[in-house]
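Visitor: Taking the hints into account, I'd like the entire structure generated from these sequences.
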Amino acid sequence: MGLKYGKQNTVISLLCGLMLVLALLVAIDARHPHFYMTGEQVMEAEQGQPFEDPGVYAVMSGRIFGDSSRRLPVEVSGSVNPDVPGDYVLRYRTHFFFRDYTCTRTVEVRDRTAPVIVLYQRDGYQVSWLDGYMEEGYRAEDNIDGDLTAQVRSEETADGIVYTVSDRAGNTTAVLRQPNYTIARPEIYLTGGDELYVKAGFQFGDPGYLAIDRLGNDMTAWVQCEGKVIPYRVGTYELSYSITNAQGQTVRAVRTVTVEPQQIAGTIEPEEKTIYLTFDDGPGPYTEQLLKVLDRNDVKATFFVTAAEPRYLPVIAKAYRAGHKIGVHSYGHDYDRIYASEEAFFEDFLKIQDIILQQTGSYTDILRFPGGSSNTISSVSPDIMTLLTDEVRSLGYQYFDWDVLSGDAGETSHTSEVVRNVIEGIEGLPEGEAAIVLQHDNRRFSVDAVEKIIQWGKENGYTFRSLDCTSPPAHFNLAN
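Note that our numbering gives residue 315 to position 311 of the sequence shown, counting from 1, and the numbers run on in steps of one.
A hint or two may mislead.
[Claimed, not checked] Derived pair list, reagent style DSS-like, types lysine-lysine, alpha-carbon separation capped at 30 Å:
#, residue 1, residue 2
1, Lys-296, Lys-322
2, Lys-462, Lys-304
3, Lys-322, Lys-355
4, Lys-304, Lys-322
5, Lys-456, Lys-304
6, Lys-296, Lys-456
7, Lys-232, Lys-203
8, Lys-203, Lys-277
[Stated by the list, open to error] Quick list of simulated restraints, FRET-style, between CB atoms:
#, residue 1, residue 2, range
9, Val-258, Met-138, 28 to 34 Å
10, Leu-361, Tyr-193, 33 to 39 Å
11, Gly-220, Gly-365, 44 to 50 Å
Worth flagging that the hints you see were computed from the coordinates, not collected in a lab.
Where is the CB? At the ideal position from N, CA and C, for every residue including glycine.
Guide: Printed below as a string of structure tokens:
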């Protein structure tokens, strides 16, 4: 009995000694469990994708003896739901020497995958250069949010059409579609070329243009024309022809038009002493009486006509058939309106020219400005007489002022004074200078003076002529 208990005490003593030794070794070696983690301590996991824990193992480790080869049992607690975004913690635990040792891993479940945009393409579709791109369609899918097609935004840029969509997690996708707008790009062809030279006139007729795209479609109707040619003003003008499409792209062609002056005959000074009888403001009630006087004396005169009294307009034809020269004076004889602008002047000018055409069968090539070229009424438009005198000559017209006044425009109303004024005016001219006499055939007292003027002129060796483009014009110094 004693022996048995003695052996037991010996075993217990040995165990206690071993434990003491073990405790001393643990204390000296600082033995402890050490965790080795596969992967990162903080991991990202894609939402919606299966998640598998990379794992952790633990071994005893110390300062003196290092790691043991035997792995310790490790328990795992916590879970990760990959379908729900958030931060999940996995806890790893092992037990050693009456203590629990732990480590943790954080798993961040996030939606990091951007949506996918698929652009459709229709077979045989060609982009219209004019109307732009007609949407062929697209689809947007997200691994979490599903169909996002309705949330796609499209925007036209200089590079093409950009389609953009974002999912709820903020992941954004952008794709670019680059339509080939040049497939049907048109060209503008200018009839007559891109440089034209025309003579000054009252109308400019554009020779025309044609716009054809590369598919053979006629796009002329979409051409916009800009620029203006003033056909009676000498100079160079630019006309622009363009088509602009829905994207703001422009196809353009430019034509320059040069307006050149008409040829005008040079002045021929008459060799003999010459009187040019000219009559303004008719025809009127006394014009036919005047025609009889001129016919009786075989004298040709010049009539600068108006349309002030329409019922006498047929007398223009009678004067023309009788061999007298017809010239433009004005249509309405309203100075303020006539000289309001270049456009207003030529509007009036063309109206009386049309009447001359109706009565004589042709336009005339001479004119007299209402009030003469030095009139001051035209000052309502500064420099207009400088412009108008240049322009009418560029059009091939000669304008005539006068160098002998009859005084029948307000200075006198007596026939005898008209005769005296004309004779004195002619006699006062420099030797050899032709006399251009101004009278008005709508004043009877002035018409009554004509026969006496003719008689005096013939008795004093003068020849009577009507004006033409080669006659001395007697131009005044311009007032503006």
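Visitor: Hints first: check each against the structure and report whether it holds.
Guide: Right, here's what the structure says about each hint:
Restraint check for Lys-296 and Lys-322: the C-alpha separation of about 11 Å stays at or below 30 Å, so the hint holds. Using a Cα cut-off of 30 Å, the hinted pair Lys-462 and Lys-304 holds, with the two alpha carbons roughly 13 Å apart. A threshold of 30 Å between alpha carbons decides the hint, and for Lys-322 with Lys-355 the separation of about 20 Å falls inside it, so the pair holds. Of the pairs offered as hints, the one joining Lys-304 and Lys-322 holds, with about 13 Å between alpha carbons and a cut-off of 30 Å not exceeded.
Only pairs whose Cα atoms come within 30 Å are accepted, and Lys-456 paired with Lys-304 is accepted, the gap being roughly 15 Å. Of the supplied pair hints, the one linking Lys-296 and Lys-456 holds, its CA atoms being roughly 14 Å apart against a limit of 30 Å. The straight-line distance between the Cα atoms of Lys-232 and Lys-203 is roughly 16 Å, inside the 30 Å bound, and the hint therefore holds. With a CA separation close to 36 Å, the supplied pair Lys-203 and Lys-277 exceeds the 30 Å bound.
Checked against the hint of 28 to 34 Å, the pair Val-258 and Met-138 passes, with Cβ atoms roughly 31 Å apart. For Leu-361 and Tyr-193, the Cβ-Cβ distance of about 36 Å falls inside the hinted range of 33 to 39 Å, so the restraint holds. Roughly 49 Å separates the CB atoms of Gly-220 and Gly-365, a value that falls within the hinted 44 to 50 Å.
In this structure, only the earlier hint numbered 8 is contradicted, and the remaining ones agree with it.
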